[in-house]
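Using the sequences and the hints, build the whole thing.
Counting with the working numbering, you get residues 1 to 134 for the letters of the sequence shown.
Mixed in with the good hints there might be a few duds.
[To be verified] With a straight-line Cα cutoff of 27 Å, these simulated DSS-like cross-link-like pairs (lysine-lysine) come out:
1. Lys111 to Lys28
2. Lys62 to Lys28
3. Lys42 to Lys56
[Unchecked claim] Label pairs and their computed distance ranges (CB to CB):
4. Ile112 to Gln66: 27 to 35 Å
5. Tyr119 to Arg68: 34 to 42 Å
6. Thr82 to Asp116: 29 to 37 Å
7. Lys42 to Gln79: 17 to 25 Å
8. Gln46 to Arg68: 13 to 21 Å
Quick caveat, the hints were computed from the structure, so don't treat them as lab data.
The C-beta atom is built at its ideal place from N, Cα and C for all residues, glycine as well.
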Amino acid sequence: MNYLKQFQGRFIGIMKWEDFETFWKLLKNQSNDWFFYDLTTKVPTQKINIHNDLNKIHNIIKELHQERYCGIVYSDDLQQPTMVKIFHPKNLGKSCGSSKNPPLPQWVISKIKPIDLSYLLPKEKTNWLSKFFK
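What follows is the structure in structure tokens.
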């Protein structure tokens, strides 16, 4: 399967915090040989051990996502994941991704080599006044 097709495919949302913790432990136990793609940086070219990255993301989620539910981590499979999308708690857009341009995940962890997804990022909104303030 190619990366974009998998990225746009079916994912299972993790809603309960206890399910998130269980899933996170599973990822930590399988932390070797993953591509770790932070969409704000360049596309990775090599697989790495993601254990430290998982710890950092866990801390960000726990600190910034003060909700009764998780709802920002999605996986293609909860037992044998090959792609995981993680949304930044401060970039969730409109609820449930129902907006015209739903937000992209901040981080994508995958077993297959990623492609550049920057073209999916929303373009800056401009109006006629903006050209005078550049």
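Here's how the hints hold up against the structure:
no.	hint	in the structure
1	Lys111 to Lys28	14 Å, holds
2	Lys62 to Lys28	16 Å, holds
3	Lys42 to Lys56	18 Å, holds
4	Ile112 to Gln66: 27 to 35 Å	34 Å, holds
5	Tyr119 to Arg68: 34 to 42 Å	35 Å, holds
6	Thr82 to Asp116: 29 to 37 Å	20 Å, violated
7	Lys42 to Gln79: 17 to 25 Å	31 Å, violated
8	Gln46 to Arg68: 13 to 21 Å	38 Å, violated
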